[in-house]
Amino acid sequence: MDALAHQFDDLDQQHEAASLGMWVFLATEIMFFGALFLGYAIYRGMYPAAFAAASHHLDIVLGTTNTALLLCSSLTMALAVHATQLGTRKAATIFLILTILLGSAFLGIKGVEYFHKYEERLIPGSNFYFEGADGRHTQIFFSFYFVMTGMHALHMIIGVGLLSIMILMTSRGRFSPDHYSPVEMSGLYWHFVDIVWVFLFPLLYLVDRSGGFK
Amino acid sequence: MLYREHYLNVSYGVKSWLLTRDHKRIALLYLMSITLFFFLGGAFAVLIRLELLTPVGDLVQAETYNRLFTMHGVVMVFFFLIPSIPAVLGNFLVPLMIGARDLAFPRLNLLSWYIYTLGGIFTLAAVVMGGVDTGWTFYTPYSSTYANSHVIATAVGIFITGFSSILTGLNFIVTIHTMRAPGLTWFRLPLFVWSNYATAIIMVLGTPVIAITILLVGVERLFGVGIFDPALGGDPLLFQHLFWFYSHPAVYIMILPGMGVISELVTCFSRKRIFGYEFVAFASVAIAVLGFLVWGHHMFVSGQSPYAGMVFSLLSFMVAIPSAVKVFNWTATMYKGYVSYDAPMLYAMGFIGLFTLGGLTGLFLASMAVDVHVHDTYFIVAHFHYIMVGGMVMAYLGGIHFWWPKITGRLYPEGWARFAALVVFIGFNLTFFPQFILGYLGMPRRYHAYPEEFQVLNVMSTAGASILAVGYLIPMVYLIWSLRYGKVAGENPWQAKGLEWQTSSPPPTENFYQTPVVTEEAYGYRSGSAGRMAA
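Top to bottom, those sequences are chains A and B. For the first sequence, position 136 (counting from the first letter as 1) is numbered 611 according to the working numbering, and the numbering increases by one without interruption. For the second sequence, position 210 (counting from the first letter as 1) is numbered 229 according to the working numbering, and the numbering increases by one without interruption.
If you are wondering where the hints come from, they were derived from the structure by calculation, not from laboratory data. Treat the hints with caution; some may be incorrect.
[Unchecked claim] Across the chosen pairs, the derived CB separations fall in these ranges:
#1 B/Pro527 / A/Phe590: 52 to 62 Å
#2 B/Phe383 / A/Leu513: 22 to 32 Å
#3 B/Pro325 / A/Gly520: 13 to 23 Å
#4 B/Val308 / A/Leu513: 18 to 28 Å
#5 A/Ala608 / B/Ser321: 28 to 38 Å
#6 B/Val308 / A/Asp534: 40 to 50 Å
#7 A/Leu513 / B/Phe242: 14 to 24 Å
#8 B/Val29 / A/Thr563: 34 to 44 Å
#9 B/Leu333 / A/Ile569: 54 to 64 Å
Every value quoted in this text rests on a predicted model; they were computed, and no experiment measured them. Every residue, glycine too, gets a C-beta built ideally from N, C-alpha and C.
Could you build the full structure based on these sequences and the hints that come with them?
Quick look at the structure:
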């Protein structure tokens with residue numbers, strides 16, 4: 476049985492190690508994104524008007540659609556883990572494929588949004604143009620927008636790659652109700668990336684959108 | 020001699036090394052890489068000290084000098100000090116000390132070495148192209164906008180290398196949590212394992228912050244997508260906060276594993292249990308935690324709020340407590356012990372003295388009023404070299420000597436080793452003690468020329484550096500010599516406690532012929548017996 480690596484005594488120990496390793500990795504990821512969130516918070520405190528004005532240039536319909544897609548993908552991911560635990564290979568494969576499709580749709584829409592920003596000259600740099608008094612400071616908002624969503628998209632792409640490997644391994648019958656850690660760990664990663672977006676969406680798209688306090 | 024299979028002779032050939040998943044072989048890969056970087060960084064230091072021999076800038080121009088001290092700092096910090104003890108000794112010893120067959124994730128371990136090497140290649144490329152001149156601190160907006168040197172290549176190198184330390188840290192945490200031998204409870208762990216655990220916490224939580232910060236500098240420089248640019252309303256101070264949020268804890272990444280080594284050496288060569296095991300163990304964790312809260316003491320004169328400065332000052336003083344606990348406990352361990360002065364112990368005693376001096380001068384720097392006077396002078400250069408070189412490099416060399424018989428199966432020549440330890444100690448003090456005085460008198464760091472009245476002390480410092488260089492070269496020679504001609508060590512030449520000494524030297528690939536069972540506390544040396552038998 477090659478499911479057990481030589482350095483472990485049994486599958487339980489291996490599963491515990493994999494699980495702890497993934498959580499430690501996610502702690503690393505939290506610190507990685509955390510620095511960006513900190514920077515965002517500081518500048519939003521410094522330039523609230525510019526951030527509100529810039530945020531209104533984001534496409535709220537596409538952003539909301541993407542949020543819905545990602546939340547659904549987390550559901551299918553959870554179902555895929557569940558199916559793997561039960562040993563139903565076919566269901567697991569279908570849910571993994573669905574997760575990848577939802578994730579890819581998210582990335583596609585994100586690409587469309589990026590292209591719109593390019594057309595509207597909202598990509599920071601020499602070509603950047605923003606009408607109004609807050610022009611300079613809005614560039615900082617868009618720098619955060621691109622770095623944060625870009626880093627998030629990169630994590631999504633890695634996630635899609637990871638899930639593709641899981642589909643391959645599932646089809647080769649590598650998993651069983653005793654041994655399913657890789658799928659479970661990929662699921663943890665996917666949910667983490669999803670949660671990052673749950674924070675990014677309101678911070679970037681919903682600044683000053685309540686309308687009632689104008 | 021009877022043939023016995025161990026991790027070195029189990030297979031031969033480049034491929035068996037480059038694709039190995041054995042933590043012991045990976046440790047040796049790291050040993051070779053970081054030794055290379057150590058001597059590269061050392062070469063920059065030689066040029067710096069030669070330039071400072073005379074008051075006028077005659078050997079190199081100011082701009083070249085800027086690149087020299089920057090490359091010295093970058094190479095030594097990111098490519099030698101940070102990986103030194105964890106990636107070499109930690110990698111080799113943590114599984115052995117806890118009675119495991121390997122780290123939890125051997126493939127990630129190998130990957131971490133490749134990542135380190137890739138980062139190293141980028142940095143070397145930057146050196147070859149002409150280097151970088153921002154200082155190892157990469158302060159914005161100079162690094163992001165104005166610097167006219169190879170910031171990007173160096174930044175990419177550091178960014179990549181960061182992930183190797185994250186993977187090492189992650190591997191240690193998981194291994195120590197899940198793979199201890201039967202009976203090996205947390206409070207029976209060797210203190211070396213505790214200190215590497217504390218180090219791993221910093222690696223895992225601190226390194227990603229420097230990664231994203233460096234990335235932000237990079238995209239700002241490349242694409243103008245920036246958040247630190249004052250022209251856009253960005254705040255360069257934010258960079259300093261983010262940078263030091265990692266880079267101060269990184270100081271503890273560099274010193275904590277060294278402290279772990281010292282705990283092993285002091286107990287073995289005093290033939291005594293460590294004094295106050297729990298205090299030393301928790302002091303490591305306390306240093307790791309407090310270390311995250313003191314970064315602002317690098318920014319007392321940067322325009323940070325004085326109230327923030329006061330808090331950072333207070334917290335910085337608090338780090339002195341666990342550090343002092345360790346020093347007192349090592350000293351108390353030696354008290355009434357059967358102290359023998361083998362080379363590793365000489366390094367350990369050097370560490371205790373030099374670390375204490377480095378630590379106490381750190382308190383000067385943590386006081387806001389004094390810091391205004393000595394900030395950016397040679398005082399601070401001397402201070403951190405007492406910790407990094409007087410502390411960490413001493414501990415590293417002590418550890419390499421102590422575990423050399425385990426790693427290679429051979430003994431190093433003791434007489435030469437004691438001599439080299441002494442040369443290092445004398446050379447080190449002659450190099451860096453004058454710098455305390457220079458700094459106190461007001462000589463600023465990072466200049467290639469200086470007023471004539473500082474020359475005597477600078478000549479002393481350069482003379483010391485030459486002695487120090489000799490002190491580092493001697494072990495290089497006799498350690499390599501010992502690989503072939505050294506006496507065969509046997510499994511436990513020091514009569515030391517600890518699981519790593521219970522297996523053969525060099526250990527088999529699987530570390531132990533059968534999983535050890537631990538029945539007693541660490542450092543069970545019987546006090547009152549001069550344990551070591553005459554060779």
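Structure-based check of each hint:
1. B/Pro527 / A/Phe590: 52 to 62 Å: holds (59 Å)
2. B/Phe383 / A/Leu513: 22 to 32 Å: holds (31 Å)
3. B/Pro325 / A/Gly520: 13 to 23 Å: Holds, at about 20 Å.
4. B/Val308 / A/Leu513: 18 to 28 Å: holds (19 Å)
5. A/Ala608 / B/Ser321: 28 to 38 Å: holds (30 Å)
6. B/Val308 / A/Asp534: 40 to 50 Å: This hint holds: roughly 43 Å between Cβ atoms.
7. A/Leu513 / B/Phe242: 14 to 24 Å: holds (22 Å)
8. B/Val29 / A/Thr563: 34 to 44 Å: Hint holds: Cβ distance 43 Å, inside 34 to 44 Å.
9. B/Leu333 / A/Ile569: 54 to 64 Å: holds (59 Å)
Of the numbered hints stated above, none is contradicted by the structure.
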